[in-house]
Amino acid sequence: MTQRSRLHIPYPPARPGDKPDFSYVQISPAGAVDRPETRAPVRDIENLAGQMVRVLDEDAKAVGPWNPHLEPQDLQVGLRYMLLTRLFDDRMQRMQRQGRMSFYMKSTGEEAVSIAAGMALLPTDMLFPSYRTQGLHVARGHSLVELMCQCLSNTRDMCKGRQMPVMYHWASGNIFSISGNLATQFPQAVGWAMASAIKGEDRIAASWIGEGSSAEADFHHALTFAAVYRAPVILNVVNNQWAISTFQGFAGGELQTFAKRGPGYGMPGIRVDGNDFLAVYAVTQWAAERARQSGGPTLIEHVTYRAAAHSTSDDPSRYRPKEEWQAWPLGDPIVRLKQHLIAVGEWSEERHSALEKELEAHVTACWKEAASYGTLTEGPTLDPATMFDDVYKELPPHLARQRAELLALSGLQPARDSAEEHALDRQTRAVAKEG
Amino acid sequence: MAHMNMVQALNSAMDIMLERDPRVVVFGEDVGYFGGVFRVTDGLQRKHGEHRVLDTPIAEGGIVAAAIGMGVNGLKPVAEIQFADYIYPAFDQVVSELARLRYRTAGEFSAAVTIRTPCGGGIRGGQTHSQSPEGIFTHVCGIKVVMPSNPYDAKGLLISSIEDEDPVVFFEPKRIYNGPFDGDPHKPAIPWSSHPSGAVPEGYYTVPIGRAEIVRPGKDVTVLAYGTMVHVAEAAVRLAGVDAEIVDVRTLAPLDVDTLCTSVCKTGRCVVVHEATRFSGYGAELVATVQEECFWHLEAPIQRVTGWDTPYPHAFEWEYFPGPARIAAALKSVMEAA
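Chains as they are written, first to last, in our numbering: chain X, 1 to 435; chain D, 1001 to 1338.
The set of hints was computed from the structure by calculation and includes no laboratory data.
We put the beta carbon where it would ideally sit given N, CA and C, even for glycine.
Keep in mind that a hint or two might mislead.
Pulled from the structure, derived: some chain X residues nowhere near chain D, Cβ distances all over 12 Å [claimed, not checked]:
| no. | residue |
| --- | --- |
| 1 | PRO13 |
| 2 | GLU37 |
| 3 | ALA40 |
| 4 | GLN93 |
| 5 | VAL145 |
| 6 | SER179 |
| 7 | ARG203 |
| 8 | GLU394 |
| 9 | LEU406 |
| 10 | GLY411 |
If you anchor each label on the Cβ, the simulated ranges turn out as follows [claimed, not checked]:
| no. | chain 1 | residue 1 | chain 2 | residue 2 | range |
| --- | --- | --- | --- | --- | --- |
| 11 | X | SER317 | D | PHE1091 | 35 to 41 Å |
| 12 | D | PHE1091 | X | SER172 | 27 to 33 Å |
| 13 | D | GLN1127 | X | SER143 | 38 to 44 Å |
| 14 | D | ARG1326 | X | ASP315 | 42 to 48 Å |
| 15 | D | LYS1332 | X | ILE244 | 27 to 33 Å |
List time: in silico EDC-like cross-link candidates among lysine to aspartate or glutamate, alpha-carbon distance up to 16 Å [what the hints assert, rightly or not]:
| no. | chain 1 | residue 1 | chain 2 | residue 2 |
| --- | --- | --- | --- | --- |
| 16 | X | LYS199 | D | GLU1050 |
| 17 | X | LYS393 | D | GLU1165 |
| 18 | X | LYS393 | D | GLU1163 |
| 19 | D | LYS1332 | D | GLU1299 |
| 20 | X | LYS393 | D | GLU1108 |
| 21 | D | LYS1047 | D | GLU1019 |
| 22 | X | LYS199 | D | ASP1021 |
Go ahead and model the full structure; you've got the sequences and the hints to work with.
In structure tokens, the structure reads:
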């Protein structure tokens, strides 16, 4: 019989109409994974890449060696930030649906990944986010008004109308700019961390990408450079199971965990329950301590679920069962932290409802203020002439001429622009030389 | 005044900047211990240390991405891409990231990265060690593109590039690393020590970015050239026996329109020369600019002399190379027109 090669085409366990099936997600019991010393050699801790670090158990109690033993006040802050992120996302989605902005991307279901990491790192550490880690801005206290103004491309837009919504940055908050080209920030974070070490500073860098974009060459560059130079950086892969319509198997997740790529490059890989606030906090803290002690980089895979659509331009009912989010075995990060706080007597349903109301009112007030600086449908608007700024540090002559041309077209300046005068000058000079 | 070839002049520029500015770091493939495959970084790691002059993995995308991260963290990285032909794996990081970081963050973030890369043919490098991809980069807004034609400019322009707050792609025409090449591969090599531009100050100086230079004044026709082709054009002018004005463009972006077009308005004729392929090449931009600015002064159609629109062939290098005979023919043709 003739043997023929055949391609394996990854197929998700469930498509629309199928019953959700997450049996492929290997889950360790809470508290079951050892917590090694932060200086442990990679070869001794490879188990971390295959198991799953979890702290919150089925009774919402914090158990095991990874319990970061946070004060209740810190947990309440974490809960507040996660809830604020979710309410912010919901509001922005609605405003996009009303046509007041062009686009939005929610992080619903993944809030713990950003908020817990944002709280575990120092404010001086540099963050290189992906487009679904808006929680980092929330955790660092970035004003929602500023974030909204960016999404609105209005007169207070930090990007001056040059970027699509959610492509935030915040230099004074040590959060880098988001690129629409995926994974580019991963090796940039490594370069930033290398510079920190070259300068002899103890600041570290952290970056986030989705499991889908771990297929980009930039992922490989980041891990290679981070491992070779033992750069003080934390590299996070947020495995939310879906990259638009392709499931995580299309990025190579069928046969191996994403965390296991870490030991392959010579760095620890930790697979963590990404919906367990305490576990995300604990592994981030572990990796940060290791990096600060010259122990080099760590790759963390956050196992979570993208509960919302990829973006406002996407309709997930076309490619996955509607009930998947309800069936997701790691639950909802907000509900889990809330139940934990209730279980330890530091929270209640009443306090939770009150917090929701308070944050909802805050989001409403922020939206009102942000919209007063302009929306897609209502002014005020940015000055289009600013589009020529910041291409270079100084405006070069050709851009000055193009700006003059635009202004002339808009009737904002006399039709005879500087370009024309420039050419006339030259001709006068040439004639003078001939003479 | 010392005599330096282009390799020594570039080395001196980096040595001086490593000395003057603690933010400067130099890295790339084989750049550290070994000193670079063309020896441009020779001795720099020994002198300035392994944290300032680094070898890197063979990953051009990683090299440029790391440079961006370092730039954001306040360093002034000088990254070497071993051959311009190898720059494509870094293309996204250059075009989508490095070039646009300042713009997309409205000036809050930027990375003052210099990318040095040897380009051009004439060394039997075949199609993967001979390319001149400058036109691909001049099409990208947000980066500056420089290509010197001699040791003096190489050093002064590299220092300016390192000091510049915008990213610079710095092309080094490798055929003239060791001496000015007039396009005849059968003649004995001429060293830079016999050329006036081989006289290079030992210390710090700059040559400004954004300024072209008239390397040979003349009144009959203007030749716009850069890199190796400046020297080939000089040979062609002698061959054609015309009184040509040769302008070394030096900075391809932003372009010194004034110097170029003042010359063409004066001579009324123009030949554009580059080694890169012709179609959508950088020469097309030069021709368009001259047409827009000098149309009423032109006495003849502008001509382009370029590499053929084929990959750079290994065996037919000199049939491919736009040598003095082809340039001379173009010069004669524009002189005879009208």
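Is 35 to 41 Å respected by the C-beta to C-beta distance linking SER317(X) and PHE1091(D)?
Distance hint for SER317(X), PHE1091(D) holds at roughly 37 Å.
12 Å Cβ clearance of LEU406(X) from chain D:
With a cut-off of 12 Å, LEU406(X) remains clear of chain D, as the shortest Cβ separation is near 15 Å.
Checking a non-interface call: every C-beta of chain D should be farther than 12 Å from the C-beta of GLU37(X). Is that right?
holds (28 Å)
Please verify that the nearest CB of chain D lies beyond 12 Å from PRO13(X)'s CB.
holds (33 Å)
12 Å cut-off, C-beta based - ARG203(X) kept clear of every residue in chain D:
violated (8 Å)
Quick one, are LYS1047(D) and GLU1019(D) close enough, alpha carbons at most 16 Å?
The hint holds at about 10 Å.
Determine whether the non-interface label on VAL145(X) survives the test: each CB of chain D must be over 12 Å from its CB.
holds (17 Å)
Quick one: are PHE1091(D) and SER172(X) within 27 to 33 Å, going by C-beta?
holds (32 Å)
Given hint GLU1163(D) paired with LYS393(X) - CA-CA distance at most 16 Å:
holds (12 Å)
Given a hinted range of 42 to 48 Å, is it respected by the beta-carbon distance of ARG1326(D) and ASP315(X)?
violated (59 Å)
For the pair we were handed, LYS1332(D) and GLU1299(D), check the Cα-Cα distance against 16 Å.
Roughly 13 Å separates the two Cα atoms, so the pair holds.
Since GLN93(X) was said not to touch the interface, does its Cβ keep a gap of more than 12 Å from each Cβ of chain D?
The claim holds: GLN93(X) sits with its nearest Cβ about 24 Å from chain D, beyond 12 Å.
Hints 6, 7, 8, 13, 14 and 15 from the list above are not met by this structure, while the remaining hints are.
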